[in-house]
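Novice: As they're listed, the protein sequences go chains A, D and L. In this text, residue positions in the first sequence follow my numbering: the first is 1, and each later residue adds one. In this text, residue positions in the second sequence follow my numbering: the first is 209, and each later residue adds one. In this text, residue positions in the third sequence follow my numbering: the first is 417, and each later residue adds one.
Check each hint, because a few of them may be wrong.
In the EDC-like style, the derived pairs of lysine to aspartate or glutamate whose C-alpha atoms are separated by at most 20 Å in a straight line are [what the hints assert, rightly or not]: (1) Lys111/A to Asp213/D; (2) Lys237/D to Glu506/L; (3) Lys111/A to Asp5/A; (4) Lys29/A to Glu358/D; (5) Lys527/L to Glu150/A; (6) Lys237/D to Glu358/D; (7) Lys319/D to Glu169/A; (8) Lys445/L to Glu150/A; (9) Lys111/A to Glu169/A; (10) Lys237/D to Glu377/D; (11) Lys527/L to Asp273/D; (12) Lys29/A to Glu150/A; (13) Lys445/L to Glu506/L; (14) Lys319/D to Glu506/L; (15) Lys111/A to Glu506/L.
Calculated from the structure, these hints are not laboratory results.
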Amino acid sequence: MHAADLLIVLDLAGIFVFAISGALVAVRKHLDLFGALVLASATGLGGGFLRDVLIDATPPAALADWRYLMVPVAAGLITFVYHPQLGRAENAVNFFDAFGLALFCVTGTSKAIEYGLGPVPAALMGMVTGIGGGMLRDVLAGRVPVVFREELYATPALAGAALVAVGHELGISFWVTAAIGGLVCLVWRLLAIVRQWHAPTPRGPASV
Amino acid sequence: MHAADLLIVLDLAGIFVFAISGALVAVRKHLDLFGALVLASATGLGGGFLRDVLIDATPPAALADWRYLMVPVAAGLITFVYHPQLGRAENAVNFFDAFGLALFCVTGTSKAIEYGLGPVPAALMGMVTGIGGGMLRDVLAGRVPVVFREELYATPALAGAALVAVGHELGISFWVTAAIGGLVCLVWRLLAIVRQWHAPTPRGPASV
Amino acid sequence: MHAADLLIVLDLAGIFVFAISGALVAVRKHLDLFGALVLASATGLGGGFLRDVLIDATPPAALADWRYLMVPVAAGLITFVYHPQLGRAENAVNFFDAFGLALFCVTGTSKAIEYGLGPVPAALMGMVTGIGGGMLRDVLAGRVPVVFREELYATPALAGAALVAVGHELGISFWVTAAIGGLVCLVWRLLAIVRQWHAPTPRGPASV
Numbered sequence: 001m002h003a004a005d006l007l008i009v010l011d012l013a014g015i016f017v018f019a020i021s022g023a024l025v026a027v028r029k030h031l032d033l034f035g036a037l038v039l040a041s042a043t044g045l046g047g048g049f050l051r052d053v054l055i056d057a058t059p060p061a062a063l064a065d066w067r068y069l070m071v072p073v074a075a076g077l078i079t080f081v082y083h084p085q086l087g088r089a090e091n092a093v094n095f096f097d098a099f100g101l102a103l104f105c106v107t108g109t110s111k112a113i114e115y116g117l118g119p120v121p122a123a124l125m126g127m128v129t130g131i132g133g134g135m136l137r138d139v140l141a142g143r144v145p146v147v148f149r150e151e152l153y154a155t156p157a158l159a160g161a162a163l164v165a166v167g168h169e170l171g172i173s174f175w176v177t178a179a180i181g182g183l184v185c186l187v188w189r190l191l192a193i194v195r196q197w198h199a200p201t202p203r204g205p206a207s208v
Numbered sequence: 209m210h211a212a213d214l215l216i217v218l219d220l221a222g223i224f225v226f227a228i229s230g231a232l233v234a235v236r237k238h239l240d241l242f243g244a245l246v247l248a249s250a251t252g253l254g255g256g257f258l259r260d261v262l263i264d265a266t267p268p269a270a271l272a273d274w275r276y277l278m279v280p281v282a283a284g285l286i287t288f289v290y291h292p293q294l295g296r297a298e299n300a301v302n303f304f305d306a307f308g309l310a311l312f313c314v315t316g317t318s319k320a321i322e323y324g325l326g327p328v329p330a331a332l333m334g335m336v337t338g339i340g341g342g343m344l345r346d347v348l349a350g351r352v353p354v355v356f357r358e359e360l361y362a363t364p365a366l367a368g369a370a371l372v373a374v375g376h377e378l379g380i381s382f383w384v385t386a387a388i389g390g391l392v393c394l395v396w397r398l399l400a401i402v403r404q405w406h407a408p409t410p411r412g413p414a415s416v
Numbered sequence: 417m418h419a420a421d422l423l424i425v426l427d428l429a430g431i432f433v434f435a436i437s438g439a440l441v442a443v444r445k446h447l448d449l450f451g452a453l454v455l456a457s458a459t460g461l462g463g464g465f466l467r468d469v470l471i472d473a474t475p476p477a478a479l480a481d482w483r484y485l486m487v488p489v490a491a492g493l494i495t496f497v498y499h500p501q502l503g504r505a506e507n508a509v510n511f512f513d514a515f516g517l518a519l520f521c522v523t524g525t526s527k528a529i530e531y532g533l534g535p536v537p538a539a540l541m542g543m544v545t546g547i548g549g550g551m552l553r554d555v556l557a558g559r560v561p562v563v564f565r566e567e568l569y570a571t572p573a574l575a576g577a578a579l580v581a582v583g584h585e586l587g588i589s590f591w592v593t594a595a596i597g598g599l600v601c602l603v604w605r606l607l608a609i610v611r612q613w614h615a616p617t618p619r620g621p622a623s624v
């Protein structure tokens, strides 16, 4: 198996786990089957679509390759039927979600660099790839994105993305920085889940 | 009148009826005149904009031709003034809305094929053209898109779009597949309204 | 200092004040530091991103120049720490926000003309540049955009944008129309704040 094939398989795996989280939100919001499929697709593909539209890599890869579209549909259907089991297996879902986040922040940064962006915007695009799908899911489901308030989620993604961008500037091999950046994101995110780390909240009462 | 002119007139008619549904939501949410005009424009043009941005057909047709921009503004103004009458004529509004949906799923698929997309993504883009405006309307109006929960709306659009995409693969004339695809979408959607069909909802209580 | 440099400095100043309004909304919604930074960035850069994606000027300028990304981050951090003081200085924040609106409607229209749009779509893109960031801020913060219901905000932006578009059609120098368009937008918006002008709301009860 070549490295490029490995990347595609990992990418599809990341889309799959993100799509499950989208479909679970749909079930909890009592949406219908179509809502579950759209939230699954938006969560799985939304971050990459947002990145591709902003860096002018349109049409996004997922629209040029129908296998990319089948993965969130499959994840949505599975979740629609087996949501009680998946909802109970929350630890496993969270672990795979952290894995997807680590993967997306690395591949997203790499693609942005490939399209000519500098290190700072490329790292931002990496983070957007990782968190954009979940933000879109929450906006469509009518809630404030959880990434803004409950979870330490974006910072690990930005850290992983920044490591890839810095490594590229220093001329280090992609596979080395990808491994380090992805691992930092993954471990940080898992520690945040286990130890319930949160981002700082504003001090003092807000004026109205 | 040429076929291309007919398509433009139908397209403008579809934008008009979608824009009325957007302005009616604005009135019911007690938004002001500007809110009504933006929701009218977002509903009428949003699906096509979303498709055009994703398939890289930018700037969208509506930005290259000011007549496209005047139609939702006119629909918004008319609805703002005559909303009590339009609100009561709900059956007529729903009929024309189904007509717009049928039209958009056909023309959206056709445009995506023209821009080089394969049949599966092209059918998806056709569905997005049909339902994207209403989803944008609902997100801007602060509610979960009705297409996710109340209405059997997306499935007819996807069916019509898929027929156009399959017909193109089989080398059938566009006008034949357009007529069949549009009719299937229209009839299915109207039956869903009359018989109150819904998409399936998840079984069992959702875990939290 | 050249005119182009002046434009960049003004642009960064506009992004800065818009970003403060975004971060203030985040603090009032009890979001965390990351939510404040994202809402600051979305408010400061969102209108320009939306315009650039629609007129096919991608990647947006802010992604090609990292200084553009640092400005909303700085505004977000400052607001996160000093939100009580900034929240009390509401008059000053509103004044600078009106200044940013005037600036963005002028530069947005000008960029759209440069990319080949006609006068009507170019004026619309100017308005979108001015109000898009605030709309994105409100959607991400889970509220109906204030521009739809509380504030006379979009009309001044459209008026300023229209003056720039008409001036370009008549062959008048950009700096003259920019000054007039910007001033009309600024004064109108400030009068709307001081005299509490609102856009018209629909008459009569809405049918349900």
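Novice: Are the hints correct? Go through all of them and say.
Specialist: Hint check results:
{"no.": "1", "hint": "Lys111/A to Asp213/D", "verdict": "41 Å, violated"}
{"no.": "2", "hint": "Lys237/D to Glu506/L", "verdict": "27 Å, violated"}
{"no.": "3", "hint": "Lys111/A to Asp5/A", "verdict": "16 Å, holds"}
{"no.": "4", "hint": "Lys29/A to Glu358/D", "verdict": "12 Å, holds"}
{"no.": "5", "hint": "Lys527/L to Glu150/A", "verdict": "39 Å, violated"}
{"no.": "6", "hint": "Lys237/D to Glu358/D", "verdict": "18 Å, holds"}
{"no.": "7", "hint": "Lys319/D to Glu169/A", "verdict": "40 Å, violated"}
{"no.": "8", "hint": "Lys445/L to Glu150/A", "verdict": "12 Å, holds"}
{"no.": "9", "hint": "Lys111/A to Glu169/A", "verdict": "14 Å, holds"}
{"no.": "10", "hint": "Lys237/D to Glu377/D", "verdict": "44 Å, violated"}
{"no.": "11", "hint": "Lys527/L to Asp273/D", "verdict": "18 Å, holds"}
{"no.": "12", "hint": "Lys29/A to Glu150/A", "verdict": "18 Å, holds"}
{"no.": "13", "hint": "Lys445/L to Glu506/L", "verdict": "17 Å, holds"}
{"no.": "14", "hint": "Lys319/D to Glu506/L", "verdict": "48 Å, violated"}
{"no.": "15", "hint": "Lys111/A to Glu506/L", "verdict": "42 Å, violated"}
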